[in-house]
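**Q** Okay, here's what each chain looks like letter by letter:
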Amino acid sequence: MVRTLLVRGMLAGLAAAVCAWVFAYLVGEPALDGGIAYEDMLAAASGEAGGEPMVGRDVQSTVGLLVALLIYGVAIGGIFALVFAGVYGRIGRLSARATSAVLALVGYVVVVLVPFLKYPSNPPASSADDTIGLRTGTFVLMLALSIAVAVAAVAVGRRLVARFGAWNGVLLAVLGYLVVIGVIGALLPTVAETPADFPAVVLYDFRLSTLGLHVVLWAGLGLLFGALVDRRSSRRAAELAG
Amino acid sequence: MAQGATLPSSSVSLGVVPLRELAPWAVFAGVILLALLYLVGMDQGATSVFSGEMIHEFVHDGRHLLGFPCH
Ligand SMILES: [Zn+2]
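Chains as they are written, first to last, in this note's numbering: chain A, 1 to 242; chain B, 1001 to 1071.
To be clear, the hints were calculated from the coordinates, so they are not data collected in a lab. Nothing here was measured: the structure is a model prediction, and the numbers come from that model. Just so you know, even glycine gets a beta-carbon here, dropped at the ideal spot from N, CA and C. Accuracy of the hints is not assured; some may be wrong.
For each label pair, taking beta carbons as the anchor points, the in silico distance ranges come out as [said to hold, decoys possible]: (1) B/Gly-1030 / A/Leu-178: 37 to 45 angstroms; (2) A/Leu-187 / B/Ile-1032: 54 to 62 angstroms; (3) B/Pro-1018 / A/Ala-192: 47 to 55 angstroms; (4) A/Leu-141 / B/Arg-1020: 37 to 45 angstroms.
From the derived model, a few chain B residues whose C-beta atoms are all more than 10 angstroms from chain A [unchecked claim]: (5) Val-1049; (6) Phe-1050; (7) Ser-1051.
Stretch by stretch, here's where chain A covers chain B in the computed footprint (C-beta under 8 angstroms, at least three residues) [said to hold, decoys possible]: (8) 1015-1026; (9) 1029-1042; (10) 1058-1069.
Take the sequences, apply the hints, and build the full model.
**A** Printed below as a string of structure tokens:
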């Protein structure tokens, strides 16, 4: 049972990653190129010839991007399936399909949107090289705390639902998550190192495309996985398999 | 976890997965899947499991666009 769910989760993640790649290539790459152009401008101004890149831009922006998204998609899809196996039938009375959709929405907010609001994505050349340790550490910490607070909110939310009913209980749990993670976000160090002359449009477009890319990926994952574990489609697959 | 361990519903198709069955999968598959996320998002950045720059360079655009810290 778990193995079946895991395989379907990873397949759904791969398919969603292909959709996300199309979006990332069409929408994200032009913004990313804006960062590369700024980088080249700085290099030209300082008279440094950029060293020969190990991987060309043409590879990075196509195959490299696809492989990165496929690995991310298969990993997120697999973890998604494991979490699904843990929550399905235990939280609320949602069908498998609806559980998958809700889980994807919650996952997008907790894993992507909330950490992004504190530590947004940055195009190339808009961060200081020597702060990579601090930026990585704080980003991972924010992500881990967001997940931990969300898990706590679900645990507390079950009791709140039992006491105050489904609507008010869920609202209170969501509110609790937002307040606690908001305080945590306010306490964590802020990273503000975008160069003053970095093009604002590039930064804006790049960050929007990060959110858009994840919307495609998580929506695709939630809907595809839901379809794969849905009772009717499972039965049809069994019939087709004989 | 006492309440609502199994909620009967007309739309429930899958059985509820017993936690005892889930636990070993969650541990082993979970570790491998998290390692994949680490590889694509962080290796050869602040920390390196593999030496060099090849992985970082190859997945570079995805790393930036997915929102992981890079350069
Ligand atoms: Zn970079």
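**Q** Of all the hints numbered above, which does this structure not satisfy? Sort the numbers upward.
**A** 1, 2 and 4
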